[in-house]
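J.: Next come the chains, spelled out residue by residue.
There are 4 protein chains.
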Amino acid sequence: MTKIKKIAVFTSGGDAPGMNAAVRAVVRTASYHNLEAFGIYRGYEGMIDGRIKPIAARDVGNIIQRGGTILKTARSMRFKTPEGRKQAYENLKEAGIDALVAIGGDGTFTGAQVFSQEYNIPIVGLPGTIDNDIYGTDYTIGFDTAINTAIEAVDKIRDTADSHSRLFFVEVMGRHSGYIALHTGIGSGAGCIFLPEYDTPLDELVDVLKKANDRDKMFNMVIVAEGNRSGNAMEIANRLNEKYDGYESKVTILGHMQRGGAPSCRDRVLASRLGYHAIEVLLKGESNVALGIINDELCLTPFQEAISQAKKPKSSMLEMARILSM
Amino acid sequence: MTKIKKIAVFTSGGDAPGMNAAVRAVVRTASYHNLEAFGIYRGYEGMIDGRIKPIAARDVGNIIQRGGTILKTARSMRFKTPEGRKQAYENLKEAGIDALVAIGGDGTFTGAQVFSQEYNIPIVGLPGTIDNDIYGTDYTIGFDTAINTAIEAVDKIRDTADSHSRLFFVEVMGRHSGYIALHTGIGSGAGCIFLPEYDTPLDELVDVLKKANDRDKMFNMVIVAEGNRSGNAMEIANRLNEKYDGYESKVTILGHMQRGGAPSCRDRVLASRLGYHAIEVLLKGESNVALGIINDELCLTPFQEAISQAKKPKSSMLEMARILSM
Amino acid sequence: MTKIKKIAVFTSGGDAPGMNAAVRAVVRTASYHNLEAFGIYRGYEGMIDGRIKPIAARDVGNIIQRGGTILKTARSMRFKTPEGRKQAYENLKEAGIDALVAIGGDGTFTGAQVFSQEYNIPIVGLPGTIDNDIYGTDYTIGFDTAINTAIEAVDKIRDTADSHSRLFFVEVMGRHSGYIALHTGIGSGAGCIFLPEYDTPLDELVDVLKKANDRDKMFNMVIVAEGNRSGNAMEIANRLNEKYDGYESKVTILGHMQRGGAPSCRDRVLASRLGYHAIEVLLKGESNVALGIINDELCLTPFQEAISQAKKPKSSMLEMARILSM
Amino acid sequence: MTKIKKIAVFTSGGDAPGMNAAVRAVVRTASYHNLEAFGIYRGYEGMIDGRIKPIAARDVGNIIQRGGTILKTARSMRFKTPEGRKQAYENLKEAGIDALVAIGGDGTFTGAQVFSQEYNIPIVGLPGTIDNDIYGTDYTIGFDTAINTAIEAVDKIRDTADSHSRLFFVEVMGRHSGYIALHTGIGSGAGCIFLPEYDTPLDELVDVLKKANDRDKMFNMVIVAEGNRSGNAMEIANRLNEKYDGYESKVTILGHMQRGGAPSCRDRVLASRLGYHAIEVLLKGESNVALGIINDELCLTPFQEAISQAKKPKSSMLEMARILSM
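Protein chains in written order, with full-length UniProt numbering: chain S, 1 to 326; chain A, 1 to 326; chain V, 1 to 326; chain W, 1 to 326.
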């Protein structure tokens, strides 16, 4: 095994708060171990375009609290082709890169795994996505910040819902994953929560609304994950209005603010730990693994397993949410 | 003129952060002047339904920092009818109410003016709406909080826009008024701002985008007031995509979170001053006027004038915004 | 075993964000199981004074997002005496209370344990304190919010530290516990962190400052737990100034803001889960145990063990923090 | 008069949120007028050290939302000497600087005025300080953000004060100026506010506390400006405890977080307007003036007047605060 002297780090796929903290940890830990660190700008696209630049310990000062990613990100179609990956590898070789740290979600890990098998370059992955749906870690970098962003928005919506005694549908991110919706739903005391992983029939919502009405409860919040199978927030709201008169409802789609903002303390600590261990793990000769923290301990999961295994929120938490909202 | 002994306060129309602070100031100042204060719940609707209850100084403790309104609000169709207003007046008489403080927007003032002419009951109004479009005051209660809420959301969106080098359209509230859009636009360094009061041609946006491209500027924010005449955020985004290829744009509609949240310090101070002066002004025999703060001084504007006169943001500020974004 | 029909809940000791969410969960779950819920105001003091009142499901609506505790809290000297506890028990009997849920820290659990042994009344405890130092749970209710509050304050201090190139000492809460200091330190990229559990010599701080100077690093943050054995923030700053010239340092003590504020999403979810399980656990006949969540699973720890066992932050995290700050 | 082709901007004295937005506006407007912009790092100190670098429109992208100042700041003893100023002038001449924009407080304007009289170089000033005590403008850049930071901290302290029924003293910034204390006091419903400009006798505080006790009001907040003539928060708290038993009070000093943080929307708009007009005003041949916004209009005030005239909060607002807190 080649002794590692130069490592490169990049962020890929959707961005998530805490990615900068992870990049900082990777670069600072590399510096501590006397390695040269490089940043690849715009993920796999940048790797193909040769956008590889040295990044020193001092370049990552004062970024730990910043949302977004200083290395930018992009979705890359070209990296899905053997030609694209060949070009990427040649750029890495030319820069003398010995190992890679990839920060992103399942798509990033998929690319990393394929690349790692085609070319003999050690690569490890850090789970960076607000969706929290990556197997091999309790929490992904960005999730905690996203649920706090969502809960703060819902708190404000609650003020106006309460003033007007309205029914409010709030759609949160989560194309395939209901973690954000579940946590935001519990944290806002929502009467009903719609997740992609579980089918919540419309009648359940109607039932909740009726019970609330009986109790003279003035308003109600419904949280809907964007990827909910029976429809997004707007669709559910419309179906409710069609079927049952009398509900003056409003729909808010939180949108892309959930991806940004200063990372929460937990996201900074998680990102720091994972970035720190990434270097240590590479120096021990590991490759083709995703790092994660499970039960407060570092865990390594082969990319193949991280990609193919699923993780979903507990349905018992949904049950609890229902009881607590009445 | 009857000596005023019992006053009632209510909030009406759309809610705004700072309404609670205003209610608190009205009640506390009434108490200081040994008046009995009553709260009318759910605005004019509640006045018709007789939902009038005493409210003591201690009932308004600890609400100054809360968004929404403890008196709730509602839009009332019935108050637009003479029968509805007659019922309302009878309820007030039965409760012995001598004077009213109405907190809301133009709709609230319109109702107050009609009521005040039909029935001989002194009534003054405080400008409570996030839109800032009420004539007779530099700022309305709720505007400052709303622009801060909007700017915080846009800051988060900016993180992800910057990471992905995208074009982002953000729609803010303002059905007839561009104040929120203008301030949010300047405060976020937006490349283009669409207001209801001024026609911004699509070509101007295209021009901004071209110039940005020439400068290698990576992302761009466009702020659109919901009542923009040439279309809301989604419509403008679609027209842009149809006309010109190559813009990967996203649209976020901030929605109802702009109405809620803990009021900013300025909104608390403004609301406190207006609520405080409302009682003093009533005790001096004033009626049928809207209170406002202009140039840091209390101003009284007859409801008729407050309703009929318009106020709009300076177009010079739009010009400045354009220059600063390049 | 008496069938449980009436339960009472109270908060005791220092308050923590999320206590209201826990109270809400207890009351709503009790209601779901057709139990009558009572609130005891001002903790053990209130129990002795007989301040026990029914609390219905609707009384806890809209409190999940509020800091502080609607049941108030107090430190009670009288409860440490047999007479005090006797009076408390008589009040409970008179109200017909069958079981208790105590929310607080070690002091609360100590009182609960003694009480539970003296009188045959089932009582369980929920860990509510910002210090995170309670054994038997990964996180305590309030910790996550506190570290976010601290990190937001430190982010603001960082802006001014960076502008002026100064050395800043920030003191955070934690009389016996360094969790807040450690997480805030890592999350702010602090050059040095002083915890009560580990002795950090002053020379280490000097060393960090020298290295930073060599790198032309402009400013530095030092986080100090209030209970640090070698001195609090002011004391360390003074010793540094005495020993070594040239450090223009400022000291900020974050103080009591760390105890308040709207609970974070995680604190709301944690509090909800624990409050929910508290009722279930009582109905199963448990008593004299503290509830906690360990590895995402509910854990019951006898009060004796929860009180006598200690929990402290990993020293390896301190080591990592040092490396990442250079 | 020399045609202006190169302008330099710097920030000096205490930093304030919004300074970056002002720098951005100066640079972007200069660029629009085809002027070359330079940044002087570390204020007058940097001017003496020759730390003058070109700053392009693109260098100020993405800083509008950031607290602190990218140009850093410093207090300069050397600039108070003729030799220091001579060196500064020579550096400016060498760089070909034709005009200066100085952003800071009274100290900055004093230096600017002296410099402008000694050497024939046009210089204008923008009021940047959180204290809001600069004559010639309704609000200074940074004040609005600071009062929001203070009010958010006080809101959190209020949660714990309310839970424990305590008396809380909160000290805010304002060595000579009571604006922050007054606005924070009104916005938090404080029972008593201590400002540097007005003497509030201790007996008044005692009176407020007695009245509150009579009303069974559970807690009380007292806001103290650090420069209050009769003592800071700690001193007042101690005198109260000595003189009158029975008040369990806590003291929090908010400290330097008040200087930092992302600027509020109003501060960004104010800073943008002032920075924009600075260039326009220089191009019209103005010099030796401070810019300000009074009644929403641009105002120019000769440095001499801006420095010698004072501005202080209205005592009527203190009176109102007292009434509203009971």
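Calculated from the structure, these hints are not laboratory results. Treat the hints with care, as some may be off.
The list cannot tell twin chains apart, which means a pair is met if one copy fits it or any two copies do.
Using 25 Å as the maximum straight-line C-alpha spacing, the simulated DSS-like pairs for lysine-lysine come out as follows [unchecked claim]:
#, residue 1, residue 2
1, LYS243, LYS284
2, LYS3, LYS86
3, LYS6, LYS93
4, LYS243, LYS314
5, LYS217, LYS6
6, LYS5, LYS250
7, LYS217, LYS93
J.: If a hint holds in the structure, say so; if it doesn't, say that too.
T.: How the hints compare with the structure:
1. LYS243 - LYS284: Neither. Shortest intra-copy (61 Å) and inter-copy (42 Å) distances fail the 25 Å Cα cut-off.
2. LYS3 - LYS86: within (23 Å within a copy, 57 Å between copies)
3. LYS6 - LYS93: Intra 11 Å, inter 45 Å, cutoff 25 Å: intra-copy only.
4. LYS243 - LYS314: For LYS243 and LYS314, neither the intra-copy (30 Å) nor the inter-copy (47 Å) Cα distance is at most 25 Å.
5. LYS217 - LYS6: Between. Shortest inter-copy distance 24 Å satisfies the 25 Å Cα cut-off; intra-copy 61 Å does not.
6. LYS5 - LYS250: Result: close neither inside a copy nor across copies, 56 Å intra and 40 Å inter.
7. LYS217 - LYS93: neither (65 Å within a copy, 30 Å between copies)
Of the numbered hints stated above, those contradicted by the structure are hints 1, 4, 6, 7, listed in ascending order.
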